[in-house]
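First to last, the protein sequences are chains Z and A.
The first sequence lines up with residues 920 to 1169 when you count with our numbering.
The second sequence lines up with residues 976 to 1415 when you count with our numbering.
No lab work stands behind these hints, which were simulated from the structure alone.
Ideal Cβ positions, reconstructed from N, Cα and C, are used throughout, including at glycine.
Hints may be right or wrong, so weigh each one.
[What the hints assert, rightly or not] Away from chain A, derived, C-beta distances all over 10 Å, residues of chain Z:
(1) Val941
(2) Arg969
(3) Ser983
(4) Gly999
(5) Ser1027
(6) Val1038
(7) Gln1050
(8) Tyr1144
(9) Ile1152
(10) Phe1158
(11) Pro1161
[Claimed, not checked] Examples of chain A residues lying across from chain Z (beta carbon under 7 Å, computed):
(12) Arg1047
(13) Leu1048
(14) Ile1049
(15) Phe1051
Residue strings, one per chain:
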Amino acid sequence: MSAKTVIILGALSGIAEATARVHAARGDRLVLVARHPERLAVLQTDLVARGASRCETIVLDLASEPAPDRRLAEMIGQAGGNLDVAYVFYGVLGDQHADERDLAAARSAMQVNFLSAAVWCLAVANVIESQNSGVLIAISSVAGDRGRQSNYIYGAAKAGLTTLVEGIAHRLAKGKARALAIRMGFVDTPMTAHVEKKGALWSKPDGIAQKLVALADRPRGVKPYLPWIWRPIMSIIRFVPPAIFHRTKL
Amino acid sequence: MTGYWTRLDYNSWGRTISVPHEVASPRFPDEIAGLLSDNSGHTTLPVGLRRSYGDSNLNPNERLIDMTGLDRLIEFDRSTGILRCEAGISLHQLNQILVPSGWFMPTTPGTRFVTLGGAIANDVHGKNHHSAGSIGCAVRALTLARSDGTLQPIRSGDPLFLATLGGMGLTGVIVDAEIQLSRIGSAWLENERIAFSSVGDFFKLAHESTAFEHTVAWIDCAAQGPKLGRGVFQRANWCNDGEYAAPKKGAEPSLPLDFPQWALNRHSIRVFNNFYNWMQTRGSAVRREHYQPFFYPLDSLRNWNRMYGAAGFYQYQCVIPTEAAKEAVTRLLQTISASGQGSFLAVLKTLGGKSSGGMLSFPMEGATMALDFANRGAKTLHLMAQLDVIVAQADGRLYPAKDGRMPARMFRAGYPLWREFATFKDPKIQSSFWERVSKS
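This is chain Z alone, in the form it adopts within the complex (with noise of 0.2 Å):
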């Protein structure tokens, strides 16, 4: 397989580096973004030396970024060539008991995992629908498929995030271009590491980003879900009576 050229945005996250990490050990070429120059820098040098045949690092705010179509235009003509993959990896869990009294920080957390997720989504979407080729994989979460009282907030942003993505596969289906919301379960990193026993359904960054690259490589299924036994998990989730669904503390 020749090299690719991967974008990976919110490239500081746990799932992140452990994908890049997979692009890396194979000789692609990186575009890593990220607000945190120094941590991007020690990134790099890990993921050259890992054996990335390039990687490029870009501070950006990406929440707040005005114009996601002339900044991605301008990454990948700094990868030189043609995006392969691009990945939006960017979220963050907010608190929801507090974001409930805290409407700011409801917003701000709303902003940041739909809204801009959504707008470099559709920059990204009109990039590989012009090459005829390229795979925008937008890392969604298994709190988007019902409503629970305890993390709605960042569920209605991730639901939203799945519904964009999904519409933009659709517009995509009938040339070469693709894209998929990833149902995300739960994974073990930084932004669950204050959960105190991690239990069976808890999974590793490493093996998520081996089958996030897998799908990369051959993006196919509509709902994906990583791990797959998020799939009947959510199914009974989703059709448990309301009744029954308003009585339980999930």
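Since chain Z is already given, all that's left is putting chain A on it; use the hints.
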């Protein structure tokens, strides 16, 4: 989210102690200073993959810094074999990167699921100790973060460096390290197995085999009477065939649950040891073996520590100086075999004279023996106290990384530099082990 969060699932490998900790999981070097020097009044302790058996990686009801998120390469010069990387990277990850380019760790312990930082903090040794020394011999420099806010590069030979080798994380957080790797001509080794029938024969074989880069022996600690001291000696060198590919295989099995306590008794242990002896001695004596099963036989069963049941187990590893080694090893085996509390795998190896200079480094010239004992409470502690007497009389010492119970006087007798070491200890870093052996 960096910060400390209460976790209940941070135990050591022996699983005899189960306590809550507040755990931080940083991923970037810039997060360490804040985690070390807050004014909460708590102590903290850097930990890696927690393969130390006892309490040297525990800080009950206080804090831990899980370093496994700092696992990046900083510089890898493939022509000189000088590698600089963050301390939380595992030897498993390193092997995957190093082996295909013809390099290997200067030495490796019997599991690859340890971090580089943990390996340095315990100054680990391996099957090539008689030729390469411990890992500290190949460490060129470290970056150490301390609770006074400093982040200092320390070079080999510096007193703080010598305190940090084998210092169990107590001198500061090892953030990154630079090591000199060893060249390998293959991912495979040529391994010769030779059965021996007594402790004396073991020492004779070890003496004849010093030209081999790697040597180790398995010894049957359930054998009694005329069979006492029987075992299988292995000696190996790297092949030189340029074959770096790994054999294809599926996912490694994992032990999903704790064995019940009755599963492990003197009969099942005897059966296992007989079976293992048969396994090891059948087939041709010289075998070409991939490095993974050769160095890490137990890693092929994830969570093998659950075999010892929910009560956990102790490992007892001692080193005895050469002059007294033969007699002391024989007496240790007699005591264990009489107790009926032997273990599945007892390992015996001669160590060489090359020293890293680490103040609390375990290895010294002589013979080291390691055995597991299922935790049967007072009975097990009593047996280990009997073994302590034999080790102390022979001027030997115990390995802190394996220990969860040695008395303070045993530690102090074995490690006379402990007081000097204490002057380098970071005041905000603490472990159960240190608490136990340093306070009188």
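Violated hints - listed by number, lowest first: 2
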